[in-house]
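Protein sequences, first through last, are from chains A and B. Counting from 0, one number per residue, gives the positions in the first sequence under numbering that gives the first Met the number 0. Counting from 0, one number per residue, gives the positions in the second sequence under numbering that gives the first Met the number 0.
Since the hints were derived computationally from the structure, they do not count as laboratory data. On a predicted model such as this, the values are computed, not experimentally measured, just so you know. Heads up, some of the hints might be wrong.
Here chain A is said to cover these stretches of chain B; the calculated rule only asks that three of the stretch's residues, wherever they fall, bring their Cβ under 8 Å from a Cβ of chain A [stated by the list, open to error]: (1) 83–93; (2) 108–117; (3) 150–164.
A virtual CB, placed ideally from N, CA and C, is assigned to each residue, including glycine.
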Amino acid sequence: MRLTPGFRAFRAIGLLVFAAYFFVPLLAMFDFSTQRRGSAEGRTWDNWAFMVTDEDLRSSIVASLLLAVLTVVLMVVLLVPTMVWVRLRVPRARPLIEFLCLLPLTIPALVIVVGITNVYSWVTYLLGDSALVLTFAYVVLVLPYSYRAIDASLAAIDAATLSEAARSLGASWFTVIVRIIMPNITGGILGAAFISVALVLGEYVFASLLHFDTLPVAMAALYKSNGPAAMAAALASMILVAVLLVGLTFLSRDRHKQGASS
Amino acid sequence: MTDVSTRPGTERGLAVELSDLTRVYGAVKALDGLTLHLAPGELVALLGPSGCGKTTALRILAGLDQPTSGSVSVGGKDLTRVPANKRDMGMVFQAYSLFPHMTVIDNVAFGLKLRGKDGSSRRARAGDMLDLVGLGQHADRYAHQLSGGQQQRVALARALAIEPSVLLLDEPLSALDAKVRVQLRDEIRRVQLEVGTTTLFVTHDQEEALAVADRVGVMNAGRLEQLAPPAELYSAPATKFVGEFVGLSNRLPATVQGGTASVLGRDVPALDGSTSGYALVRPEAISVVADADGGATVTAVMFLGPLSRVTCQLVDGTDVVAQLASSDALRLQPGDAVRLEVEPSPVLVVAG
Chain A
0 MRLTPGFRAF
10 RAIGLLVFAA
20 YFFVPLLAMF
30 DFSTQRRGSA
40 EGRTWDNWAF
50 MVTDEDLRSS
60 IVASLLLAVL
70 TVVLMVVLLV
80 PTMVWVRLRV
90 PRARPLIEFL
100 CLLPLTIPAL
110 VIVVGITNVY
120 SWVTYLLGDS
130 ALVLTFAYVV
140 LVLPYSYRAI
150 DASLAAIDAA
160 TLSEAARSLG
170 ASWFTVIVRI
180 IMPNITGGIL
190 GAAFISVALV
200 LGEYVFASLL
210 HFDTLPVAMA
220 ALYKSNGPAA
230 MAAALASMIL
240 VAVLLVGLTF
250 LSRDRHKQGA
260 SS
Chain B
0 MTDVSTRPGT
10 ERGLAVELSD
20 LTRVYGAVKA
30 LDGLTLHLAP
40 GELVALLGPS
50 GCGKTTALRI
60 LAGLDQPTSG
70 SVSVGGKDLT
80 RVPANKRDMG
90 MVFQAYSLFP
100 HMTVIDNVAF
110 GLKLRGKDGS
120 SRRARAGDML
130 DLVGLGQHAD
140 RYAHQLSGGQ
150 QQRVALARAL
160 AIEPSVLLLD
170 EPLSALDAKV
180 RVQLRDEIRR
190 VQLEVGTTTL
200 FVTHDQEEAL
210 AVADRVGVMN
220 AGRLEQLAPP
230 AELYSAPATK
240 FVGEFVGLSN
250 RLPATVQGGT
260 ASVLGRDVPA
270 LDGSTSGYAL
280 VRPEAISVVA
290 DADGGATVTA
300 VMFLGPLSRV
310 TCQLVDGTDV
320 VAQLASSDAL
330 RLQPGDAVRL
340 EVEPSPVLVV
350 AG
């Protein structure tokens, strides 16, 4: 289709408006995070360096990153075999599993926190008071999104025939899941993983009400005393999530080129 | 019948025994006491309409389903409760089943890898199998880069690479177009004869079954109606269902006395069946002769290439289809008065 000059100009202006809508706040955050404190002029990276130099902020960043990794690992270990097993062996249980996985979406986070507070007093009693125990709650939190991403990938392949073909060739169920099904739903697993990372890095309600120092909790506290440093930390976590999502896009595209369905 | 015991390569095949298999799904009896014996190296086709239980039988033999009762043994070894991955059977599915994330050669070598074969022997064996199905040059392609027929040939190579005790083919040609289907059908038979693996082939296409099998089993409602070599199945059906399901048959009024059936005024040998009712007569067993007092009229002539199908109507209104050489059939016109004659080949008489 040939585009008229008028339409091209309209398209360019539209693109610019949307770009401004998304990037101006980010630029403002960057501007704010590089300002010197008080009335001093010029730019400084001190607020960005604060993420490394400040013990509390650094440990909260490490805690949040570890939480993200642990949540993803536990989510994949629990969800992928369960979903594959249900799809192949007990398809009648699918509506129930779907209902259970989507349930956290319908219950406000605050209600869940109130509900699990007592459970967590036992969890911290048994496993210590590290912020990493939040992994269990976060796996529940990310279930609806992860379930959707993995379910869409599973629906795109003929999992039943592939697994029966592998079984007839001598594969155990473990081999079927790890070497046949998982490589063909990598796109869905990566999608679920990155959504989980984004959710965990931005989660505030659970951590705050259960009194754990994660990055969002530390940022909220820091914002009261050192706004520019809190802004630098917020921008850094947004950039990390954006990089992960861009990475996901390219990984999916490469897998399509390679010939694997996802 | 091909004598499978004297065929080259059959020494590698094992005997398969399905004994009194029953499979019940809720209120539905998918298999109702199926007993089937496959001789070593034999290719048996199970033929029947949808829902007759043929795929269930194959899946139970593969270990992908469990019988409600009955037993499965291969080479004298009871496999009834052995899981699918320990049965050592190669299977080709109706749906395309190549692993999409693996190349063709990796697909074929997958079963060998699970058996702990080293890389070089895996590649050599997989390469040999691909050569056997004529796809050696496509080893490094992915499934989505192959046509449907090529994918099924790779699936056949993959199933044979593990040197299975039994080869199971679950309607492997159904998804292919007619021309490729015939080519692959012949190729499956060639390869099966070459490797000598005992094979169970499930299909709903009777031409396919009759063309490739040593024996064909016709199934209906979970039961085996008849198991016989293709020619016998066609010429001497044991039951009304087989007679009507395999090939075309005319239903002509008949009476039987002393092993002889009287059909269209002519006496022909009668197979074991009813003493009165309808004789199932093949179109090619009927000849059409121009005769003004013959008692029948041509209603249609359908040209099918070297053969033509002529439809006639008897005075009582019964339609009769005859299959003639086109050179004879094209002399006839709708409206011609004719006489129908039944060849003296045995017919099955079934109750009305």
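Results for each hint:
Coverage of the segment 83–93 of chain B by chain A holds [criterion: at least 3 residues with CB-CB distance below 8 Å; count 9]. Check result for the segment 108–117 of chain B against chain A: holds, 4 residues qualifying (beta carbon to beta carbon below 8 Å, three or more required). Judged by the Cβ-Cβ criterion of 8 Å, the segment 150–164 of chain B is covered by chain A as claimed, because 4 of its residues qualify and three suffice.
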